[in-house]
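Undergrad: Start counting the sequence shown at 758; every next residue gets the next number (our numbering).
What the hints contain is simulated information worked out from the structure, not anything from laboratory work.
Every residue gets a Cβ at the ideal spot worked out from N, C-alpha and C, and that includes glycine.
Do not take every clue at face value.
[Said to hold, decoys possible] Label-pair restraints from in silico Cβ distances:
# : residue 1 : residue 2 : range
1 : GLU766    : SER897    : 38 to 44 Å
2 : GLY871    : SER798    : 41 to 47 Å
3 : ALA780    : GLY885    : 24 to 30 Å
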Amino acid sequence: MGVDLAEVESFASQLDSPGTVYARAFTGQEQRTARLRAAVSGSPAAHLAARWAAKEAFIKAWSAALIGTPPPISQEDVVWSQIEVVADRWGRPSLTIHEPLARTVAASLEERYGPGSTSWHVSMSHDGGMAMATVIGDFSIGSERDR
């Protein structure tokens with residue numbers, strides 16, 4: 758499990774600054790979704806801050822799953838847009854981990870726990886100038902045949 762909290766105002770000012778990690782952290786779909794959701798409530802920055810918190814929470818959840826082993830990649834080497842917050846047609850969020858990060862995540866978990874599959878569950882919120890997210894990794898170890 759990983760949790761992260763972001764201050765929306767501070768995040769918004771950094772989001773608009775050239776050369777920050779935030780400028781490259783979001784996919785086009787994440788940016789469009791933030792603008793669309795802001796038309797109903799909040800600001801695009803609040804919705805993006807929640808997505809940033811989800812990306813950070815994912816890294817923390819992955820790292821927690823590997824406790825006692827060295828990190829497979831450094832935080833500086835994370836390509837943040839490879840961690841994407843997507844939503845189903847009802848607006849419920851989930852995470853999609855894109856290549857090559859998906860391969861690195863899968864290999865590190867398989868090395869630690871053996872073959873299996875992983876789902877990443879995410880919950881996000883923003884209120885009162887803060888955005889937060891929680892990510893929980895759900896690991897199924899072994900094949901369906903083994904269960």
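Undergrad: Against each hint, give a clear statement of whether it holds in the structure.
TA: A quick look at each hint next to the structure:
1. GLU766 to SER897: 38 to 44 Å: Holds, since GLU766 and SER897 (Cβ atoms, about 40 Å apart) stay within the stated range.
2. GLY871 to SER798: 41 to 47 Å: Given a distance of about 44 Å, which is inside 41 to 47 Å, the answer is holds.
3. ALA780 to GLY885: 24 to 30 Å: For GLY885 against ALA780, whose Cβ atoms are near 26 Å apart, the range 24 to 30 Å holds.
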